[in-house]
Amino acid sequence: DAKTTQPPSMDCAEGRAANLPCNHSTISGNEYVYWYRQIHSQGPQYIIHGLKNNETNEMASLIITEDRKSSTLILPHATLRDTAVYYCIVSPRVIYNQGGKLIFGQGTELSVKP
Amino acid sequence: DARVTQTPRHKVTEMGQEVTMRCQPILGHNTVFWYRQTMMQGLELLAYFRNRAPLDDSGMPKDRFSAEMPDATLATLKIQPSEPRDSAVYFCASGLGGTQETQYFGPGTRLLVL
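Top line first, the protein sequences correspond to chains A and B.
With this note's numbering as the guide, the letters of the first sequence map in order to residues 1 to 114.
With this note's numbering as the guide, the letters of the second sequence map in order to residues 115 to 228.
Be aware that a few hints might be false.
Some chain A residues near chain B, calculated using beta-carbon distances under 8 Å [as the list claims (entries may be wrong)]: (1) Pro44; (2) Ile47; (3) His49; (4) Ala60; (5) Phe104; (6) Gln106.
Don't read these hints as lab results, they were simulated from the structure.
Just so it is clear, CB atoms sit at the ideal spot from N, CA and C, and this is done for glycine as well.
In isolation and in its complexed conformation, chain B is listed as follows (with noise of 0.2 Å):
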């Protein structure tokens, strides 16, 4: 049963510190997104890329954030430096692409910043 994996699944650091956060999309698909999820702002989607080149990265802060796809297998979204407004669940999902995007979740990152 192929499956989104992302790592680490929970993350406490401080205030200041870099958080990096990797997702590995399901082997074959072309397509992979980040969403962040808070109770206030529910799920909001960070960036997108697909076959390796970003197509929207609309929704994240640019002076903190970065995403990046080094190779098909594995997509790494970084925060630096961290702040407790950045506290919430990190979703990854992938999807094979074409006309309808079907997208399948990873189990995501608990990130609580101090």
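The shape of chain A in the complex, shown without the other chains (with noise of 0.2 Å):
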């Protein structure tokens, strides 16, 4: 499964735009990218998930370089809630019952600040 690379952590102002990084350079053509956030004390949350096309949903925007090599996660207004470690993971298309499983790395911890 290819990797990624977060930086450990950011800060963003409330109210502002959040735009976390990610590297996977190493990603194949049947790898979806996949973010999940971890607030503390809970269980990681879905937020969304991209093949080569940008996505958006309620949460997030997903922004994805056109060589898939590297993608942005866009809360487009943070709250204080939003403060949480984000995970980008790449994970193979499930084929014949082979694959799914998700590979977290360390993350980027978000501080989201009054």
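Two chains, two frames, some hints: make the complex.
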């Protein structure tokens, strides 16, 4: 599975956009980019995923570069409740009952400050 | 709001005792994952099942850990005998399956082995 690289920590002012980068230069064609976050003392929470097109949902937007070697998770208006560790994970498409597992790295600790 | 449930939420036990953790996946989900989280190692995948069949348990210490799915609504993770190094938070996650495996995590079981 492709490896990802994220900055260990970032700060963001409340109400501003939080842009979290992720490098996945060895990603292969059948691998999706997933983002999860973990708020302190809770289980990880799914945010968004994509293959090659940009994606948006009620939580965030995911921008994937054309060469797919990097991506950015955007929280458009960060709040204090968005303070968490954000994980960028690359995982292959499930084929013939194989795949689907997530390998978590160290993630980016995002601190949203008032 | 469908959620993964885990019991117990907290467990303190003595070294050598058997520990059983239970997980109820979201109704209709056919994939169940077990993870362990420690400060040193982060989030590690222990094992996962699809349609109740074990697919991968390579992350699990085989001599003392066992994972089963007696039925579609219950997954169990047992440690026998437990050791202090097993102290961690154990998360269960479930997913719908398909080509893109989005996982929904439970609140975790915090285990302390004295």
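Review point. Hey, does the A/Ala60 contact hint survive, CB to chain B under 8 Å?
Key: Violated - the Cβ of A/Ala60 stays beyond 8 Å from chain B, reaching only about 14 Å at its closest.
**Study point:** Interface hint outcome for A/Gln106 [beta carbon to chain B under 8 Å]
**Key:** 6 Å, holds
Review point. Would the stated hint for A/Pro44 survive a check requiring a Cβ distance to chain B of less than 8 Å?
Key: For A/Pro44, the interface hint holds, since the closest Cβ of chain B sits about 5 Å away, which is under 8 Å.
Check your understanding: With 8 Å as the cut and Cβ atoms as the points, is A/Phe104 at the interface with chain B?
Key -> 4 Å, holds
Check your understanding: Taking the least C-beta to C-beta distance, is A/Ile47 closer than 8 Å to chain B?
Key -> 10 Å, violated
Point to revise | Closest C-beta approach of A/His49 to chain B relative to 8 Å, hint status | key: 6 Å, holds
The structure fails to meet hints 2, 4 from the earlier list, while all remaining hints are met.
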